[in-house]
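Novice: With the hints as your guide, set chain F onto chain U.
Number of protein chains: 2
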Amino acid sequence: MDVSGLHVLIDPARVPPSRLATFVPAIARAGARVVQIRIKEGSARAALAYGTEVLRWARPAGLLVVVDDRVDWALALGADGVHVGQEDMPVRDVRRIAPGLLVGASAGTSDELAAALADGPDYVGIGPVFRTGSKADAGDPLGPEGLHRLSAEAGPVPVVAIGGIRPDNAAAVWATGVAGIAVIAAVAEAADPASAVRALLHARNRA
Amino acid sequence: MDVSGLHVLIDPARVPPSRLATFVPAIARAGARVVQIRIKEGSARAALAYGTEVLRWARPAGLLVVVDDRVDWALALGADGVHVGQEDMPVRDVRRIAPGLLVGASAGTSDELAAALADGPDYVGIGPVFRTGSKADAGDPLGPEGLHRLSAEAGPVPVVAIGGIRPDNAAAVWATGVAGIAVIAAVAEAADPASAVRALLHARNRA
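Those protein sequences? They're chains U and F, same order as listed. If you're matching positions, the first sequence starts at 99 in the numbering used here and goes up one per residue. If you're matching positions, the second sequence starts at 99 in the numbering used here and goes up one per residue.
None of these hints come from the bench; they were simulated from the model. Every value quoted in this text rests on a predicted model; they were computed, and no experiment measured them. Nothing false has been slipped in among the hints.
Pairwise CB distance ranges, derived in the manner of DEER restraints: (1) Ala-144(U) x Asp-290(F): 39 to 49 Å; (2) Pro-197(F) x Asp-100(U): 29 to 39 Å; (3) Ala-111(U) x Glu-243(F): 40 to 50 Å.
So these bits of chain F aren't anywhere near chain U, every CB distance computed over 12 Å: (4) Thr-120; (5) Arg-127; (6) Ala-292; (7) Leu-299; (8) Asn-303.
Here a beta-carbon is modelled for each residue, glycine too, at the ideal position from N, C-alpha and C.
Here chain U stands alone, though its shape is the one from the complex (with noise of 0.2 Å):
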């Protein structure tokens, strides 16, 4: 499966259920490739009932779908894939357990990025590029020459930036020679997704 393109990560709390069916289907036609669900809080019913709302629209907007470190929730929700993080579940138990899901996996240094690869990812989620309110735990960021630098180290396999990406930066990140943006406030706190989705799409022709 291609992972390249912008991934738009969402949450209960950025996109409420009720916005799913509108929101959706929007960033698919705006040309999202990848959808990631991605919830901290609360049950495991209520993270399932959003999931299974995401599936129902993104499945015929043509929208993968990933969800951020529940193996389980991607497993019975019949998501496309899992991201793991450095305190996740590691990559070689996920493909043990479900060896049909492709499996993306963050680092944010050159070791963690090593650590990651030697697991084989289907794709690594490299940053913090920016400076990003999303994330309380993220790193220093790493900067279009940091981004650019470590993606060099991951040889082959496709790198899918994350970190304060928005469409007026998102050109210099493009430049990287990145697979993939992935964005959590820039599109799902944005007053019109499908108009963020387009910059941040447009921002690859200028870089």
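Specialist: Just chain F, lined up with the frame of chain U:
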């Protein structure tokens, strides 16, 4: 798999990783049947490391290992089962993604029990029997009478009673005819966990 007998719930705060090598074999020798890993905080990596250590000592001791809530952890660890609460993944979803796991479901009321039974769990955890300090969101205590009434509604499905059960009130719980008793504080916080296990099991003879 037979889930009757004593279930001992543990977590890294009550039973630190360094104590597992003595704690787990000791409760097994004293007669416990199941050790349940119940982790509500911290990272998946830390939980999987803890669970791996539990399995390391539980397997040779012949204890069944059940994981609370996290089906993905149960699968990755190669545990015997998973226990799901009212707000966790529904039993039917667990069966679908993890057909080999023993599945227990919690119920505290007649309605919850009917919903849990409809999904065909391997056992039902019913409680709280008594007032408990170990579970903040536990409902009003059922008392042995309420437990007995609810247990009758479970039909042939084994009932494991939980909630505030100690050596000095366990006889009244066993007297209701439950297949098993689950404890947190009574063993994990005991100065002598093996003695506590023996006392909880001896209470069955007084019942």
